[in-house]
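A.B. asks: Residue numbers (my numbering), protein chains in the order written: chain A, -12 to 100; chain B, 65 to 174.
Don't read these hints as lab results, they were simulated from the structure.
Glycine included, each C-beta is placed from N, C-alpha and C at the ideal position.
Check the hints yourself; a few may be wrong.
Partial chain A-side listing against chain B, Cβ under 7 Å, derived [as the list claims (entries may be wrong)]:
1. GLY3
2. PHE20
3. GLY29
4. LEU30
5. TYR35
6. VAL40
7. ASP44
8. PHE61
9. PRO88
10. GLN89
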Amino acid sequence: DAGVIQSPRHEVTEMGQEVTLRCKPISGHNSLFWYRQTMMRGLELLIYFNNNVPIDDSGMPEDRFSAKMPNASFSTLKIQPSEPRDSAVYFCASSWSGDQPQHFGDGTRLSIL
Amino acid sequence: QKEVEQNSGPLSVPEGAIASLNCTYSDRGSQSFFWYRQYSGKSPELIMFIYSNGDKEDGRFTAQLNKASQYVSLLIRDSQPSDSATYLCAARSGNTPLVFGKGTRLSVIA
């Protein structure tokens, strides 16, 4: 049974460039979450979707960040323009709705030079 | 502001000892609690979850919940060097996303 799949695993780009991170949730899960992890701030929730609908994007740091979920099996997190302070590991997670645990993908390690 | 607090560590224990990891949460409405293990450079991996007051055991792991004190703990018996990792505590109220602590780094010394 495939887990949450994220791509790319690593991304290095120059500041000002557009960055797109991708996520495929576990089949059948109807909640999807985007997190950012840094040493200083730990795991921060950026946005989450229920049944493809964004429910809470209050964690999105700035208008430079946007996320979409066009269907139940795909989501993107986009940063445009990127800045060095965006460097972090970005995780996608999914779960059944309700009080079920969240399962994480392997993450995308993003470095903005 | 919902918060989950953990001691950052490192917590060092000798191999074979019991490791005790603790967590407090601020939201009294929290109903479910989760422990994740994260190895360096890897993603968080679910170890256990607990909903009811008391203890829940799974192999070498025991989760303990005290809602009156807003306190959750994870005990690891017979600690092994392979248990060395960061342990993340998370709490959830209803259908909302998990709120994570910053994690406690555990080091098991052979």
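A.B. asks: State for each hint whether it applies.
C.D. replies: Taking the hints in turn, this is what the structure says about them:
Below 7 Å, beta-carbon pairs count as interface contacts, and GLY3 of chain A has none with chain B, the closest being about 28 Å; its hint is therefore violated. Given the 7 Å rule on beta carbons, the hint for PHE20 of chain A holds: about 6 Å separates it from the nearest Cβ of chain B. With 7 Å as the threshold, the beta carbon of GLY29 of chain A comes within range of chain B, its nearest partner Cβ sitting at about 4 Å, so the hint holds. Given hint, LEU30 of chain A at the interface with chain B, holds; its Cβ is 4 Å from that chain's nearest Cβ, closer than 7 Å.
For TYR35 of chain A, the interface hint holds, since its Cβ comes within 7 Å of a Cβ in chain B; the closest pair sits about 5 Å apart. Of the supplied interface hints, the one on VAL40 of chain A is violated, with its beta-carbon coming no nearer than about 13 Å to a beta-carbon of chain B, more than 7 Å. Evaluation of the ASP44 of chain A hint against chain B yields a violated restraint, the C-beta minimum of about 12 Å exceeding 7 Å. A least Cβ separation of about 19 Å between PHE61 of chain A and chain B goes past the 7 Å threshold, and the interface hint is therefore violated.
Of the supplied interface hints, the one on PRO88 of chain A holds, with its beta-carbon coming within about 5 Å of a beta-carbon of chain B, less than 7 Å. Taking 7 Å as the C-beta contact cut-off toward chain B, the hint placing GLN89 of chain A at the interface holds, the least distance being around 6 Å.
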